[in-house]
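K.L.:
Chains as they are written, first to last, in our numbering: chain H, 1 to 496; chain W, 497 to 1591.
Everything labelled a hint here was simulated from the structure, so no lab data went into it. Don't take each hint at face value.
[Unchecked claim] Straight-line alpha carbon distances no greater than 30 Å define the calculated DSSO-like cross-link-like pairs of lysine-lysine that follow:
| no. | chain 1 | residue 1 | chain 2 | residue 2 |
| --- | --- | --- | --- | --- |
| 1 | H | 381 | W | 1279 |
| 2 | H | 341 | W | 776 |
| 3 | W | 1279 | W | 776 |
| 4 | W | 1270 | H | 341 |
[As the list claims (entries may be wrong)] What follows is a list of derived Cβ distance ranges for each label pair:
| no. | chain 1 | residue 1 | chain 2 | residue 2 | range |
| --- | --- | --- | --- | --- | --- |
| 5 | H | 74 | W | 1462 | 19 to 29 Å |
| 6 | H | 157 | W | 1297 | 26 to 36 Å |
| 7 | W | 1544 | H | 230 | 51 to 61 Å |
| 8 | W | 1462 | H | 389 | 21 to 31 Å |
Predicted model only: the values in this text are computed from it and were never measured. Beta carbons: idealized from backbone N, C-alpha and C, even for Gly.
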Amino acid sequence: MSQVLDDPASEVTLETPVDLRRIPLVANKRDLHWITEHVSRICEGPAPFWWWVCFLITSIVACIGLFCIGYQISNGVGTWGENHPAGWAWDITNFVFWIGIGHAGTLISAILFLCRQKWRTSINRAAEAMTLFAVVCAAIFPGIHVGRVWYAWFLAPVPNANGIWPNFRSPLLWDVFAVSTYFTVSVLFWYTGLVPDLGTLRDRAKSRAAKYLYGIFALGWRGSNRHWRHYELAYLILAGISTPLVLSVHSVVSFDFAASILPGWHTTIFPPYFVAGAIFGGFAMVLTILLPARYLVYPQLRDLVTVDHVDKMAKIILLTGSIVGYAYMMELFVAYYSGNKFECFTFFHARFNTDHSGWYQWAYWWMMFCNVVSPQIFWFKWARRNLIVVFIVCMFVNVGMWFERFVIIVTSLAQDFLPSSWGHYFPSWVEVWTFVGTFGIFLSLFLLFMRFLPMVAMSEVKIVTPEADPHAHGSGVGIDAHHPVEAASDSYKQSH
Amino acid sequence: MSKRVFHHPPEAQSGRKYWRSLGQLEKTPEFNRWLEKEFPQGAAEFQGGEVSRRNFLQLMGASMALAGLSFASCRRQLNLVPFTKGVEWSIPGKALFYATSMPARRGAEPLVVATYDGRPTKIEGNPTHPATAGASSIWAQSAILDLYDPDRSRDFLNKGQKSDSLKFTKALDEILASGGDGSGIAFLVERNHSPTRERLRALAEKKFPKLSWCVYEPTGGISDEVSRVAFGDGILVTPQLDKADVIMAVDCDFLSNSGGNLDQIRQFSSRRKVSATDSKMNRLYVVENRYTVTGGMADHRLRVPASQAGAFLAALANAIGAATKNSELADLAKAWSANTPFADGDKKYVENWVSVSASDLLASKGKSVVLVGDRQPAAVQLLGHAINSALGNLGKTLIGRRTIEKPALTIEQLAAAIDAKSVKALFILGGNPVYNAPADLKWAEKQATVPHVVRLGYHEDETSKSEQGTPRVEWHVPMAHFLEAWSDGVANDGSYTSVQPMILPLFDGWSELDLLSIVAGGQKPAGAELVQETFGERTGGAGDFTAAWAKFLHDGFIADSAPAPEALSYKGSEAAAYAAKAGPVPAAAAGTFEVVFAADSKVDDGRFANNGWLQELPDPITKLTWDNAALISPATAESLGIAEYDLHMRVKRITIKAGEATLTVPALISPGAADNSITLPLGYGRTVVGRVGRGTANLGTGFNAYLLRTSQNPYFVTGATVTPADGMYEMGVTQEHASMEGRGADFTREATLTQYNIVAKEPEGTPTSAYFQKMGMDAHNPKNVSLYSHPPLNSPTSIDPHAWGMTVDLNSCTGCSACMIACQAENNIPIVGKEQVIDNREMHWIRVDRYYASENNDLKDPELISQPLMCQHCENAPCETVCPVNATVHSEDGLNVMAYNRCIGTRYCANNCPFKVRRFNFFDYNQRDVLGHKKGHPFTGLYKWNLTSDKGMPDTLKMQKNPNVTVRMRGVMEKCTFCVQRIQEAKITAKAHSRDTDAIPRVPANAFTTACAQVCPTDAITFGDINNPESNVSKIKADARGYRLLEYLNVSTRVWYLARIRNPNPQMPDAGKLGAFIHPAGETNEAATPTGGHS
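Okay, chain H solo, but in the shape it has when bound (with noise of 0.2 Å):
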């Protein structure tokens, strides 16, 4: 964007400064021509060798996972390793893992639309798929933990013969409740930005019968005036029904915890320190996908999904993690503020470790190091720009995450008021496939959306082209030299 001086005397319209320019959201000057063949053509060509290799590989996994929930459902809550001190353990942090994974794509989506920041818009179809998949993972462990699963329609709130309701005072219900909401909207917001994109893929379908499914799905968007005011229209409504859903669904989720009277879990500073957590856990898992989906095997993505995109999330990785870095701190704090020789045991004793009573203080450690420390490397812009490092830093925070779910859930649990009800928890070999299963489901998933939608949202990028933009003459010029964008790979070039 160009400032002009209001200097009348001199009338002359100044350039803005090289240093003050916006860097372009898409690189390489890419017409909005480009960017449909690009994005569109990942869907249109055969599938290539590596996605069927991925594809088998991960579905193999899923397959893994349905057979070890079969399993499960069919004998009894006790294939898996928990007993009577530890009644959750990797069934619930798995549940709270994939739905804070679940929090980047609507916050990308809704919140960041809200606040203008245009970036976003390259990278929000993809996050919110991811949202869709991680709560599609979610949902399946509240779903399969309890004990009698067939009953588990009780949840809803469906008087029965009896005249029963549920337990509207039970924060688990609340879960229910706050899930599926944000499922459902989320699937709505999803689905109504991909409207015009499929518009798009049904124009260029060449199949039958990928024009008559793109086109059941596309809604007959004809990209007309009314069609654009009524779809802006209905993605703002949207976007502001999503945004008090991202900070209200984990709330919620915490609830199960703060709500109760258990050491550990009974705090007041979860619901924020837990919605911290989920977009820290979100952002990461963004960042763990893209990056090899731009970087490995779809090229073209380099210059919409850009070096910048990844400084900005690392910027919001290295914000949310100190804000769990503090919670952290904060517990602790008030464990010792608050005298009770309860809450300083869960602790300092069980977690922190400050003598031998602690059995799972390797947890804490590893999950201190991954959230709190080594986010903070994300200080340095380098580390921001590295793709490796970014990479790398992703990963600790994934592990880190599922880490601080299964610290809050089984040191809890374990070692609570009564030492003489202590006890061990260790997992058995189902509740570990069925944790790597949804993985394959995660992935499988994701690998069927790149392949048959498009994984970045070419309407909205466009529109932060400076072709879109009436007034945009000249904004961008030259800045190439100074931002050098990320060159594409040889072969790439060589085969566009």
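Based on these hints, arrange chain W on the given structure of chain H.
P.N.:
Chain W alone, transformed into the frame defined by chain H:
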């Protein structure tokens, strides 16, 4: 209505007449022969198969007839009424209660049995019997499961081939016909105090004058022999603990369940019930080699190896002898002067301990008692009698009773007779000598040399067949359970008790009396007639026999039938001569160990090894299930290098070599055990046993300690060597953590008697009066404020006038765990198997927590406290708010109730329970094979794919279930209900009595109680209506000692604990360290104490 009502047939008159006519009939041999033919027919269907529905109904009908008091004993076609016809006094769905008693080593245990539609389901103590007053033992409680044990012996076996009772009777007649003067006939029986058995023995001896009669109890001790020396033939000595102010127990676990000793436990605990009105309390000194429940109740406890109990007593005898100028004591003690029983470092401490406790005993002459374990050698026990005599306790705290049992051979004498080839026919009635006879007798080989061996056995066990299945006896006869047969007994207090059948023998078994009556010349089946004859002899036949008999059966015992105590006079010179001959127990050589063989607290000598409830019951001290282990002190473990363990509860193993025998067993560290003294519980490692006793596939249940046990050293052996063995062993320990972690003041509050007396006298409202309520967290917490006042619960106009509550007196609770078995029987709680216990998935609704505590991490000699914990029925129940489906809710009478049908199994309630008393059905434990899992095979047992796995439970086990309690399926949460089925029954009864009112009438105070409170041998648990000022519970909870757990959480529990009071002697060297659980100021000062090998 007192306790549970006995419903008896209203029309006893007609039955009485009926009986008389048949009584005449029965004497005719034709009638007997007719019976002979009649009976196997009905029972034949049971042979070799499960009980079918059809014959189950017949059976119920039969037992209905049997159940009628006046009809009792009449196993006649005439009284076999099909259940469909109904019996006048039977109300379908209502329990009928019958009095009986359980034969046991120390004396019969008076019982009342609940039967539903003809099947016994629950055993209780007889509330009208003065010595036990409704209490019962874990073995009486679990006997109901033994009755329905699907692995019971079902067939008459001739050399392993299926036969029948007719063939057996014929063979028996042949054996007896060639018996001559009986010199070739020998009987090997267990002790059971049945006068009828004694009478039949006498009849048999009349027929076969040279018959050998041997009584063998592997863990019975030798106290009878000793008291014969000390006080004369036929005299048994029984302590009167309610009269003792000071008790010194030396290697004597008199509070543990040793079969029929409940009266002693009750006498002891009656002196521990301190209250503001009566705060006098006895003082207990315990000298033992490892923690026992008796040691846990001690006010002062000294660790001494079992082999040095004599040396300790000699020191005590010297101190008392010097003070009383009794030279006899000094003479007896002299023999021990060469012993240096105590390590040098402890010597001064022990000397001090001895002299101070001796002066305490002397200060209560005639009101003290020294109890010496009946496992100790005769010389040691005689020292104890001598001390009691010097203290003037004879006839006061120790009384004599003349036994009905005539002298019998020991198993060694019988073995010698077999070696001499003089035994031609050996009758083994019960028992299991191949498994539990002293190892040096090589009983299996001996038994094989006898031409005719007849075995009456409850199971086909080691004595009946080898591990490979080769028969070891000529005839194996299935034995009837005591709930299936007629008999009688003498309780430990000397009263005469009845044993009457509740059901026809499920598998056509014979009782001991049946077989003996044939030997004595009678006919089978004999049943009640035999007992009536004894009854007639005892009562002298005066008055209306039938009425007296009916009353006997109705009451279960004859009041005041105990013979008057015999005068006790200590025969000093005989005793001294005997002791001199026996000599002292030599001190153990350095570097060697003593191995103590103890009767197991659950499976006893191995006889209950196939009882799943007992196998899964945690040991009161070690909390070990499904196994035994060598219990060793922490210092010994350290010196052997086996102190390690891991989080899977895997412990190291040791190899013990005693004499020629070796045994490799896992070693469990046992705080408070004497160093270099290894305790090995007997009764495990059975090889020919049912499915439960075999345990989880390829894991087994424990190790056979009998292999180390010889006739010279039946109870402990010195000079054993121990080496660490390879490998770790996984133990099913239900309480991994035994330290209070500084939380004693929060959970297990205690004080000394002096402190209590100050507090109890304080007027209400002063800070001191709230001493016991303001400890730990509750000392600092501001008053709880609720936003929410529970209108339905607290409103004075609530529809329901009741508020159920419970008190648990920590000062009476010994930790015996009878409550756990009673709860399991009452509430249809399944067993889960050893592997699931290792995974912390046991299902007990009530558990008994055992904590060790000491200052400065002292593992050597900590204090012990047991705390039963059940659902606390919080008024602000944390479980209720979190259940998403309203499956756990509050009732108007203040119960936290579970709706199993509504539960989906989120387990959130269990997580939010601060007491962790909720139990989740991780598998379908009732329907699936809990014992079938093979380690390392992922799809076996419970883990077998559900759709291909066999489901269901044996029909006999179904018969045991309480029909008023749901059998839970997998995936639902369960927990203590305060026996809601009993509450409802009481309410319905009250409602029925009140007739024309709409309101819920108030159940009278103390009209009924829960299973755990009913069984408790020490009355530590009391249940009732706290809204009713007349109820015991509301009186007890008002005591100064009453406190509730975690008051600061404002959960407002409905269970009050009564603080433990210790009564230390201020002069004792360890007086200062007592009460380490809490500091007098209410602050904790207990150091973190890792225990049980685990921390």
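K.L.:
Among the hints numbered above, which are violated by the structure, and what are their numbers in rising order?
P.N.:
1, 2, 3, 8
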